[in-house]
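Engineer: When you get a sec, could you build the whole thing from the sequences and use the hints?
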Amino acid sequence: MYNSRGDRVMVAFIYVFLTVFSLSTLYPFLNAIAISLNEGLDTAKGGITLWPRSFTLENYEVVFQDERLMSGFIISVLRTVVGTVSAILATAIFAYGMTKRELMGRKFYMLMCIFTMYFSGGLIPTFLLIRNLGMFNSFWVYIIPSLIGVWNMIIFRTFFQGLPQGLEESAKIDGCGNWGTLFRIVLPLSGPVIATLSLFTAVGHWNEWFIASIYISKEELLPIQTILKQILASNIVSEQTANLDAAAQAHMAQAKTVTSKSLSMATMMVATIPIVLVYPFVQKYFVKGVLVGSLKE
Amino acid sequence: MARLSTDREMQPEPVMPQVPYPRRKSGLERFIRQIDLQLMVLPALALIFVFSYIPMYGVLIAFQDYKIGHSFTGSPWVGWKHFAYFFNSPDFYTVMRNTIVISLLKFLIGFPAPILLALMLNEVRKMVFKRVVQTITYLPHFMSWVILGGLVASMLATDNGSLNMLLERLNLIQEPINFLSLPEYFWTILITTNVWKEIGFGSIVYLAAIAGVDPHTYEAASIDGASRFKQIYLITLPSIMPVISIFMILAIGNLLSAGFEDILVLAVNPALRDVSDVIDTYVIRVGINNYRYSYATAVGLFKAVVSVGLLTIANYVARRSGNSLW
Chain A
1 MYNSRGDRVM VAFIYVFLTV FSLSTLYPFL NAIAISLNEG LDTAKGGITL
51 WPRSFTLENY EVVFQDERLM SGFIISVLRT VVGTVSAILA TAIFAYGMTK
101 RELMGRKFYM LMCIFTMYFS GGLIPTFLLI RNLGMFNSFW VYIIPSLIGV
151 WNMIIFRTFF QGLPQGLEES AKIDGCGNWG TLFRIVLPLS GPVIATLSLF
201 TAVGHWNEWF IASIYISKEE LLPIQTILKQ ILASNIVSEQ TANLDAAAQA
251 HMAQAKTVTS KSLSMATMMV ATIPIVLVYP FVQKYFVKGV LVGSLKE
Chain B
1 MARLSTDREM QPEPVMPQVP YPRRKSGLER FIRQIDLQLM VLPALALIFV
51 FSYIPMYGVL IAFQDYKIGH SFTGSPWVGW KHFAYFFNSP DFYTVMRNTI
101 VISLLKFLIG FPAPILLALM LNEVRKMVFK RVVQTITYLP HFMSWVILGG
151 LVASMLATDN GSLNMLLERL NLIQEPINFL SLPEYFWTIL ITTNVWKEIG
201 FGSIVYLAAI AGVDPHTYEA ASIDGASRFK QIYLITLPSI MPVISIFMIL
251 AIGNLLSAGF EDILVLAVNP ALRDVSDVID TYVIRVGINN YRYSYATAVG
301 LFKAVVSVGL LTIANYVARR SGNSLW
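Protein chains in written order, with UniProt numbering: chain A, 1 to 297; chain B, 1 to 326.
Read the hints as simulated data drawn from the structure, not as lab findings.
There could be a bad hint or two in this list.
Unchecked claim - Derived DEER-like restraints, expressed as beta-carbon distance ranges:
hint: 1; chain 1: A; residue 1: 179; chain 2: B; residue 2: 126; range: 46 to 54 Å
hint: 2; chain 1: A; residue 1: 277; chain 2: B; residue 2: 30; range: 43 to 51 Å
hint: 3; chain 1: A; residue 1: 64; chain 2: B; residue 2: 126; range: 35 to 43 Å
hint: 4; chain 1: A; residue 1: 64; chain 2: B; residue 2: 306; range: 43 to 51 Å
hint: 5; chain 1: B; residue 1: 71; chain 2: A; residue 2: 20; range: 57 to 65 Å
hint: 6; chain 1: A; residue 1: 108; chain 2: B; residue 2: 218; range: 13 to 21 Å
hint: 7; chain 1: B; residue 1: 101; chain 2: A; residue 2: 179; range: 47 to 55 Å
To be verified - Just a few of them, taken from the derived set where beta-carbon distance is under 10 Å, the chain A residues facing chain B:
hint: 8; residue: 27
hint: 9; residue: 98
hint: 10; residue: 109
hint: 11; residue: 119
hint: 12; residue: 153
hint: 13; residue: 276
Unchecked claim - Stretch by stretch, here's where chain A covers chain B in the computed footprint (C-beta under 8 Å, at least three residues):
hint: 14; stretch: 47-54
hint: 15; stretch: 262-269
hint: 16; stretch: 295-302
Computed from a predicted structure; not experimentally measured.
Every residue gets a Cβ at the ideal spot worked out from N, C-alpha and C, and that includes glycine.
Structural biologist: This is the structure in structure tokens:
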């Protein structure tokens, strides 16, 4: 198969390199799992790498007892579900309308969409707008500004245009209007693209933390990622200043062997669980989705 | 477009038809008849108008002394004051240097890395091995920067972070190094973390492009005695060149918008500000944390203009080489 010594050396090098590379990619995750399952005081003695030395679920118990973290988890779930369902629905309706040749103003509408992909007003004007709209400290700031994604609209539209024309025509003959055709014929045939874009949107919502950090000051509305960011920020500084903030100290008081490090690792794992749960689907659909996106280029 | 055709239809019909055909409808009538269709797109366009176009109009506050609670044109106009202030401020040099260095490093290392990974994966014939490597390397892409930042901080921590443990074990260092508080390590950490996050996912498009290469080309080359390395160099790379150049244009256009979340989560320590402050983080700090809205908008607008310029230049170069984006 490999016709020269040089080839064999190269292939061997590639296998070795990819193995080492994959292991080092995975290591931080495995290390975090191990620390999250290890007694915090024991972790502080050092030496934890791939598996826990003195196994405990205490860190997770503290996380699940902590009302602030649990409320963050629920907010994250809510915004992911509401945000994904509403965005996909709104974008699909928009995209279907844009496939229609008879739509008056179609070219102008399209231009209006494309233009936003090249220019934006920037962070501060958007920030002031959201403030003026009264969306500060409102759950809807997670949902409404990101309801319509132009990129997703284009992907939806491309997919709809690829569906057989005859189906829609026969629906029309049977007396279906545009809305009826969309919901009874087109959407049921769009499973793959809906799945792909929903996964994109859902992962985006779950991982998003910046919006909450500038628009939300009420603790009960913060998603888990933003809370985690605050905990980790205080944690990193604490290593340098030996100072913990009040929240971290309150966590610690609840359990004797839990340290800020073991606690933040457990919180990180909890915040990662949903991603790990969808990861098998991700493998299947994301790869396709990326290609759909790039082919449109 | 719609209005143009309407005007034409308003003109009197020519007096020739022998077969009477139905009177053409006016624009408004047509609009009302397709109101169900318009209702599909108008609400979405209204949202786009509000959340994309009103902020564009809002950049006007870069030329004012914006007072909170006023409209985007309701504050006193000050011309180029804020731009001049930025260009003359001591922050300008630091912020521009960091923006340019970090963007260039991300581009020079972050752009070829996925191509290299794709080329390597393509040489792997054991499908299970390939699948496992792909599964692992895609994973960080799906994690939030908060999680990845936490993992990096944990790896690099002075109290039993894995890297310090390893270096001590190897006797390379005596004392643990506080990597995340020392400016000289920041750029390396930032770029490494970025590559770690995106290399696997970025390789997908290149793998797909490689899969499209005609296998007969390789057979022919192999019969002619080309080594595997030569085949990569002479067949695979040239075949995926169009994909590479399209993604390169996109990358150059986004050079200045290379993201700020990574910096926000990794540069928590204020000691790193000298090397971590880029335009985006600067805008967030002076605008949102210090309430200097007009000044921050001016800085953001400056960045947007440079970005559009970069995209135009990149596309001009690409068009000359036959790979235009537009």
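Engineer: Holds or violated: the hint that residue 153(A) contacts chain B, with Cβ atoms closer than 10 Å.
Structural biologist: Check passed: Cβ of residue 153(A) comes within 8 Å of chain B, closer than 10 Å.
Engineer: Taking the Cβ atom of residue 108(A) and the Cβ atom of residue 218(B), is their distance within the range 13 to 21 Å?
Structural biologist: violated, 49 Å
Engineer: State, for the Cβ atoms of residue 277(A) and residue 30(B), whether the hinted interval 43 to 51 Å holds or is violated.
Structural biologist: holds, 49 Å
Engineer: Would the stated hint for residue 98(A) survive a check requiring a Cβ distance to chain B of less than 10 Å?
Structural biologist: holds, 6 Å
Engineer: Take a look at whether the Cβ-Cβ distance between residue 64(A) and residue 306(B) falls inside 43 to 51 Å.
Structural biologist: Given about 48 Å between the Cβ atoms, the range holds.
Engineer: Under the criterion of a CB-CB separation shorter than 10 Å, is residue 276(A) in contact with chain B as hinted?
Structural biologist: holds, 9 Å
Engineer: Per the hint of 35 to 43 Å, is the separation of the Cβ atoms of residue 64(A) and residue 126(B) within bounds?
Structural biologist: holds, 42 Å
Engineer: Within the assertion that chain A covers the stretch 295-302 of chain B, do at least three residues meet a Cβ-to-Cβ distance smaller than 8 Å?
Structural biologist: Coverage by chain A holds for the stretch 295-302 of chain B (4 residues, Cβ < 8 Å).
Engineer: In this structure, is the beta-carbon distance linking residue 101(B) and residue 179(A) contained in 47 to 55 Å?
Structural biologist: Since residue 101(B) and residue 179(A) have Cβ atoms about 53 Å apart, the given range 47 to 55 Å holds.
Engineer: Determine whether the Cβ-Cβ distance between residue 71(B) and residue 20(A) falls within the hinted range of 57 to 65 Å.
Structural biologist: Given a distance of about 59 Å, which is inside 57 to 65 Å, the answer is holds.
Engineer: Using the nearest Cβ pair, does residue 119(A) come within less than 10 Å of chain B?
Structural biologist: Holds, because the Cβ-Cβ distance from residue 119(A) to chain B comes to roughly 6 Å (cut-off 10 Å).
Engineer: For the stretch 262-269 of chain B, count the residues whose Cβ lies under 8 Å from any Cβ of chain A; is that count three or more?
Structural biologist: With 4 residues in contact (Cβ-Cβ under 8 Å with chain A), the coverage given for the stretch 262-269 of chain B holds.
Checked against the numbered hints given earlier, the structure breaks only hint 6 and satisfies all the rest.
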